[in-house]
Amino acid sequence: KQEVTQIPAALSVPEGENLVLNCSFTDSAIYNLQWFRQDPGKGLTSLLLIQSSQREQTSGRLNASLDKSSGRSTLYIAASQPGDSATYLCAVRSAGNMLTFGGGTRLMVKP
Amino acid sequence: DTEVTQTPKHLVMGMTNKKSLKCEQHMGHRAMYWYKQKAKKPPELMFVYSYEKLSINESVPSRFSPECPNSSLLNLHLHALQPEDSALYLCASSQGQGTSSYEQYFGPGTRLTVT
Chain A
35 KQEVTQIPAA
45 LSVPEGENLV
55 LNCSFTDSAI
65 YNLQWFRQDP
75 GKGLTSLLLI
85 QSSQREQTSG
95 RLNASLDKSS
105 GRSTLYIAAS
115 QPGDSATYLC
125 AVRSAGNMLT
135 FGGGTRLMVK
145 P
Chain B
75 DTEVTQTPKH
85 LVMGMTNKKS
95 LKCEQHMGHR
105 AMYWYKQKAK
115 KPPELMFVYS
125 YEKLSINESV
135 PSRFSPECPN
145 SSLLNLHLHA
155 LQPEDSALYL
165 CASSQGQGTS
175 SYEQYFGPGT
185 RLTVT
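Same order as they appear, the protein sequences are chains A and B.
In the working numbering, each number is its position in the first sequence, counted from 1, plus 34.
In the working numbering, each number is its position in the second sequence, counted from 1, plus 74.
It is worth saying that the hints were derived from the structure and are not from the lab.
Wrong hints could be hidden among the right ones.
Unchecked claim - No more than 30 Å apart at the CA atoms, straight line, and that leaves these computed lysine-lysine pairs for DSSO-like:
#	chain 1	residue 1	chain 2	residue 2
1	A	LYS35	B	LYS83
2	B	LYS127	A	LYS76
3	B	LYS93	A	LYS35
4	B	LYS83	B	LYS96
5	B	LYS127	B	LYS96
6	B	LYS114	A	LYS144
7	A	LYS35	A	LYS102
8	B	LYS114	A	LYS76
9	B	LYS115	B	LYS96
10	B	LYS96	A	LYS76
11	B	LYS110	A	LYS35
To be verified - For the chain B half of the interface with chain A, some residues (derived, Cβ under 10 Å), not all of them:
#	residue
12	GLN111
13	GLU118
14	ILE130
15	LEU164
16	CYS165
17	SER168
18	GLU177
19	PRO182
20	ARG185
These figures come from a predicted structure and were not determined experimentally.
Ideal Cβ positions, reconstructed from N, Cα and C, are used throughout, including at glycine.
Chain B with its partners taken away, still in its complex shape (with noise of 0.2 Å):
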């Protein structure tokens, strides 16, 4: 099973709202990663989670929160968004992270509108 899935594929939700986005993997990888792509851009890393732990945070504004509460979930709590957070949020995993190349798999996207 190479499969990563990501709930809900579609949310809206106005700028008070609080809402979560899910990102499941059962391949035994131990690192995870949250991607934002804007319309006809390329995904932009926001968090990486190895083991864990959040490895890697690009600068990210904390109105989004990551959180891996087991090695087969992440979630990433979102709020206060503003409009211009728009966009696809892709989900991957990768056995692991380190030095060592690893393929990551991606999920299908939760595609975000922010009202």
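Pulled out of the complex, with its shape left as it was, chain A reads as follows (with noise of 0.2 Å):
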């Protein structure tokens, strides 16, 4: 069964930095990984999908990879605003179009 884990569960930042998000799942048998993003109370907003033969997407000042064979990947958030506060949930599918999503990351940045 496939397991997904996101390093760290949360995380508060000045504004300004460079950040990283980590997730991480158990089977590398993916179709894709996709980065949400998701403000309190409210639904998932697409952020970035890489499918499994891609090493990286790009979008904006958010950067994601893939590694496939070691089970892992990241999200780069460049030069972080307080607008970017939220909780950032990574998912993977695999075969019949199921997704599992990990636990999520809450990012605060502060003014």
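Got two chains here, each in a separate frame; can you build the complex from them with the hints?
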């Protein structure tokens, strides 16, 4: 059974810092990996989708990498801003289009 | 249009009430999903519909009853819920389900409180 772990569970940084969120998964037989952002009490906003054949994807200040063989992904956020404060979830997609979510990283960026 | 809509946004119901959550998409997607999310926890899959047929039920109690009247609409009927069922209920859709990989699009969720 696929298990997804995110480290750290919570992170507080001053504005302007570059930061890295980590995601690991136990079964490398995935189709792709997706990073989501969730604001308190809200739905999920898709940030980046990396196919299993890809190594990384970039969108603005966000860069996500995928090392399928080692079961790891990182989300890099450059020049963090208070508006980046949210919970970040990674999810891996396996057979049957099933999504398995990690526990999330709660990010607080202080002005 | 890549939007999944959910109504209502908030719902408060007693344990003897019957209510329904509604989800709608107009992207032509043929797979639709219900997830339950407790506070500070990741979403947990409840049901999957593929081509309007229930394909996955993750051992969800019968007080939750899904319905897919057509390819654009997904309902979740609620009856005799317990306070521990209070959560954010998320709907998602994708082009298909199968063995191919399709991106899931999520709605904003319905915040349910059971009193």
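Hint check, failures only: The structure conflicts with hints 1 and 3, although it agrees with all the remaining ones.
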